[in-house]
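Colleague: Each chain, written out:
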Amino acid sequence: MARAITQIERKQSSVEEERSEDLGAILKQIADNREAIEDSLTILEELHKSGVLDMVKGFLRTKEKVGVIAVEQLNQPSMHQLIRNMFNSIELLSSMDPDRLNAIFGGLNKGLEKASEGTEENNQIGAFGMLKAMRDPNVKTSLSTMVHFLEGMGEGLKNDKVH
Amino acid sequence: MEEKSFTFQVNDNEIKAKKGQSILEAALENNVYIPGICSSQPDLGIGVIQTCDTCYVQVNGELKRACATEAEPDMEVNSVSDVAKEAQLEGMSRILKNHELYCTVCDNNNGNCVVHNTAEYLELEHQKYEFTPKPYPPDTTHPFYRYEPDQCILCGLCVEACQDVQVSEVLSIDWDREQPRVIWDDDVPIDESSCVSCGHCVTVCPCNALMEKSMLGEAGYMTGMSKNVLEPMIDLTKEVEPSYKGIFAISNVEATMREDRIKKTKTVCTYCGVGCSFEVWTKGRDILKVQPTEDAPVNGISTCVKGKFGWDFINSEERLTKPLIRKGDKFYEATWEEALTLMAEKFTEIKEKQGPEALGFVASSKCTNEENYLFQKLARSIFQSNNVDNCSRYCQTPASAGLMRTVGIGGDSGTIEDIKKAGLIIVVGANPAESHPVLATRVKRAHKLNDQKLLVADLRKHELADRADLHIHPKPGTDLVWISAVTKYILDQGWEDKEFLNERVNNVEEFTSSLEKFSLEYAEEVTGLSKETMIQVAEMIHESDGTCVLWAMGVTQHVGGTDTSTSIANLLLVTGNFGRPGAGAFPLRGHNNVQGASDFGTMPNWLPGYEPVENDEVRGRFEQAWGTKIPKEPGLNNHQIVEAITDGQVKGMYLFGEEMGLVDSNINYVHEAFEKLDFFVVQDIFFSKTAQFADVVLPAAPSLEKEGTFTNTERRIQRFYQVLDPLGDCKPDWEIFRDFANKLGANWDYTHPSEIMDEAAQLAPIFAGVSYERMEGWDSQIWPVQPNGESTPLLYKDKFKFVDGKARLFKVDWTPPKEYGDEFDLHLNNGRLLEQFHEGNMTAKSEGINHLVPGPWLEVSEELAKERNIETGALVRLTSPYGKVKVRVLVTDAVKGKELYLPMNTTDNEKAVNKLTSSYHDKDTHTPNYKEASVKMELLEHAGESPLPLHNYRFGNPQPHIGVEIEKKWKRADFTPIPETLRSEGYIDGESNHAN
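For the record, the sequence lines run as chains A and B. By the UniProt record's numbering, the letter at position 132 of the first sequence is numbered 132, and the numbering carries on one by one without gaps. By the UniProt record's numbering, the letter at position 682 of the second sequence is numbered 682, and the numbering carries on one by one without gaps.
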């Protein structure tokens with residue numbers, strides 16, 4: 001004879017048992033990963049010594065408030081411009097051909113050298129000298145490069161207006 | 001008919017297409033990608049929606065939608081030309097006017113966001129049209145999902161799914177307002193609408209406009225942050241966006257990182273017998289969502305409220321996590337060792353003292369095939385008892401028996417494909433829209449869109465009855481009579497399939513003469529249906545190309561349940577509706593694995609695979625494999641076990657996963673029997689009503705915590721995978737049986753369910769080619785399975801399952817339903833409902849589901865309410881010869897006259913319908929006659945609150961129409977066709993001047 005009953009007596013010790021089971025599982029994982037754990041502890045120790053942990057702790061505990069401040073600061077027109085400019089510059093750099101850029105930079109460098117030589121020697125060129133210089137193949141190359149650059153830039157500016 | 005195929009050109013590819021296919025369909029089939037947000041759900045049909053305008057291509061130079069343009073031979077299609085791309089980009093830009101891209105902090109950024117992926121493919125750089133919020137707040141009223149109009153791209157996939165797949169016809173896009181949006185019914189909050197919470201709309205939404213609440217703030221790494229950080233962050237992202245490329249790069253990284261913490265596991269639904277499969281997304285033990293896919297063989301993208309949202313029980317605090325042992329009037333937690341030792345001791349003692357027949361074994365149709373197989377093996381080989389049965393005894397055994405008599409196999413004769421295809425669907429005594437919701441959607445869709453005819457015979461005007469071309473209401477328990485009369489009328493008219501009968505059916509003449517008494521006059525008198533109605537039924541069958549009959553408990557749970565099932569098979573045989581696509585007999589199985597439990601041998605007379613236990617050759621085969629003897633005599637079924645306990649014959653019982661103490665009929669009697677047992681073991685995931693009577697209660701693992709297979713109503717075997725670890729100390733049922741058997745010295749060394757399946761496949765010819773390897777992922781097998789793995793979706797194509805290959809017409813007579821005297825003047829119908837499953841042991845653990853339906857209600861007809869002066873909310877007592885219940889009333893036109901309906905969704909003794917049902921049963925199979933209950937009704941309180949909350953979908957106001965009504969969008973003043981926009985902007989006719 002077994003009538004319907006609903007009372008269930010739970011094991012009282014089960015909390016401690018569960019805890020020791022959990023600890024056992026953790027200890028096993030630690031033992032299995034001894035080297036990784038030791039390295040991590042060393043890193044933690046260094047971070048602690050240098051105060052980094054303390055800072056991170058403070059940040060994490062106030063993350064809500066700090067998050068709001070940070071986003072508020074970031075969400076200002078000047079920051080928008082800064083970030084946008086950063087993105088644009090990165091985009092510009094990523095779209096340039098490194099070889100060509102290298103050639104231009106090479107030229108620029110050489111130009112700088114000559115320019116400073118000229119300044120040091122206080123070597124001023126007269127009107128006739130200018131005309132003469134135009135016939136110099138090096139100057140010609142530089143000038144035509146600059147003209148081409150201006151052409152391209154103009155094209156780019158025009159396209160931008162279309163959009 | 002062979003579909004003609006041809007080739008045409010897409011970009012540089014020569015691709016194959018079938019006649020009638022759209023360019024987009026053909027391209028996708030050939031792995032050529034063309035964007036198309038509103039075509040991202042093939043189950044909804046490609047080319048029917050046409051809202052997103054991202055699939056523009058150039059067809060022989062002209063811009064057209066790839067989704068709505070039929071492919072033609074030698075057509076030249078370009079989807080990547082500058083003009084085509086510009087058109088696609090224009091479509092996308094218009095979408096993003098309605099949708100803010102903040103992907104990294106969006107819960108839908110899981111790699112499968114269609115809007116994100118399409119925008120990325122199109123290399124969208126900038127927002128052409130500024131995003132403007134819509135003037136509507138998010139709708140968060142529904143317990144399981146929310147709608148955010150600001151993110152809604154108005155693609156209408158949700159509307160299409162609701163109107164034409166689920167066919168609940170709740171959602172529309174209101175194109176007439178200045179800022180269109182999706183509305184529920186005639187624009188009410190979701191929770192007050194006719195939404196049945198099936199989840200289709202949420203599943204198909206290509207972005208985050210419709211989302212499961214369980215996903216919000218949970219899926220992403222950064223989506224859980226508080227609003228005051230999130231909102232400025234979205235602003236910031238928008239302000240500084242260099243181009244969308246950068247945003248996509250970051251969001252892709254974040255989406256990939258999510259793969260680490262969101263686990264997606266395929267499972268098979270644990271509720272009804274339709275056999276939906278889907279992925280469960282989990283984070284730790286939290287269930288984030290259920291995501292169906294078009295790969296699922298039965299349901300595709302479809303689910304019902306239980307499959308989509310009803311999984312809270314898994315993490316319920318009420319789960320059993322430790323074995324319990326009764327001592328005195330309390331249960332005490334115990335170890336597995338203690339519990340199994342006690343069980344071994346007690347069962348062995350009973351077996352030795354009283355013999356093996358003093359033990360009873362009740363199996364579970366909720367558990368796996370492998371578990372049912374092991375359980376009957378335990379009963380038969382270790383305890384030498386055939387007293388093993390499962391809950392199909394309470395529902396569908398009469399249907400199986402009726403089919404075995406006539407066509408030879410106790411299962412659906414085809415698949416859901418045949419149901420979709422049939423010319424006529426006849427539903428008898430079943431409420432598929434609530435009990436088999438996803439299967440019902442296929443009927444509703446075919447009826448709405450494909451001109452399928454629908455005939456419903458039922459006491460209640462349930463959803464399908466309401467939609468039917470013809471709803472007939474015979475007197476309770478008289479189905480056999482009208483079915484036989486219709487069969488006779490068809491024969492009298494010479495409308496039978498003569499060739500089919502000649503070549504494929506035995507007993508034609510004998511059967512025809514047995515129909516003599518079923519004249520239309522006689523049937524009219526018995527059933528209350530007019531002769532004209534029955535003639536109309538006969539004509540509908542005669543005129544239809546393929547008839548499927550779907551039936552369930554309204555047929556089987558009667559004293560003549562097997563005979564009525566037989567009469568259905570007879571009718572189908574006479575009209576040649578077996579062995580051809582789009583026709584056949586479909587008993588709708590009620591539980592996820594009620595088919596499989598029987599298939600795998602938890603029945604007193606069958607070994608696995610319907611191999612008769614009395615047959616010496618069969619027994620020899622199993623004995624050799626198992627290395628033990630098996631008793632020859634068939635054992636006791638569930639019903640007989642209870643009787644035998646009452647008579648003192650059965651002393652010990654082992655029951656798993658079955659709430660017999662609530663779902664068996666006449667439960668007062670069943671409870672008395674339980675009290676008489678010397679030793680009773682109940683194994684379940686919850687401390688059920690039945691467990692209260694146990695001596696040992698074992699904690700089992702639900703489907704999400706183990707591996708295995710279920711067999712659905714189509715005979716389809718599907719694998720499911722482990723989603724979570726078993727909770728606490730609970731174990732998968734098969735492990736418990738193995739450990740118990742080993743305690744008894746059996747030496748079973750199963751380590752995985754696949755090994756159990758391999759054993760069954762070796763022993764039962766119908767499972768010959770079944771294996772886990774062949775059911776990987778979404779693959780499934782439909783038995784009988786040939787040794788080479790070939791399935792049999794459609795039965796009887798060449799022969800019926802008898803030695804001579806011919807079907808047998810089987811004569812049956814009508815058994816009048818039980819009557820209980822004039823005092824019990826009201827007929828009590830009973831059964832399931834949509835939201836809660838069965839008695840509710842699982843679904844009632846969900847707060848959301850309880851919000852939709854908190855408890856049972858008594859449906860009272862308007863006529864009776866008037867006569868007795870009763871209103872909705874009144875409290876009544878129902879009394880039958882067997883017990884009483886107290887419930888509140890819902891007055892409705894779903895029931896008629898003196899017929900009541902009481903759903904079974906309660907674990908509360910005071911309301912449990914089986915306090916009222918009797919122990920009478922089907923004369924052939926012992927299935928209780930649940931549907932033959934009579935009661936008297938007393939009014940206890942005249943008024944009260946409606947037992948069904950007014951926000952329930954049944955009080956809603958659906959707005960049926962076909963799909964998303966795209967013409968309304970095209971007629972709007974602010975709509976310009978994309979080719980026109982491109983022309984005006986100079987992109988067409990060579991005036992293009994763009995840098996991209």
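To be clear, the hints were calculated from the coordinates, so they are not data collected in a lab. One or more hints might be untrue.
[Unchecked claim] Partial selection, computed: residues in chain A whose CB lies under 10 Å from chain B:
#1 Glu-9
#2 Lys-11
#3 Leu-74
#4 His-80
#5 Met-86
#6 Glu-91
#7 Leu-93
#8 Asp-97
#9 Pro-98
#10 Leu-101
#11 Ala-115
[What the hints assert, rightly or not] Selected chain A positions facing chain B (in silico; Cβ < 7 Å):
#12 Arg-3
#13 Arg-34
#14 Ile-37
#15 Leu-41
For every residue, glycine included, the Cβ atom is placed at its ideal position computed from N, Cα and C.
Colleague: Give a verdict on every hint.
Modeller: Results for each hint:
no. : hint    : in the structure
1   : Glu-9   : holds, 5 Å
2   : Lys-11  : holds, 5 Å
3   : Leu-74  : holds, 6 Å
4   : His-80  : holds, 4 Å
5   : Met-86  : holds, 9 Å
6   : Glu-91  : holds, 6 Å
7   : Leu-93  : violated, 13 Å
8   : Asp-97  : violated, 18 Å
9   : Pro-98  : violated, 20 Å
10  : Leu-101 : violated, 21 Å
11  : Ala-115 : violated, 35 Å
12  : Arg-3   : holds, 5 Å
13  : Arg-34  : violated, 25 Å
14  : Ile-37  : violated, 21 Å
15  : Leu-41  : violated, 25 Å
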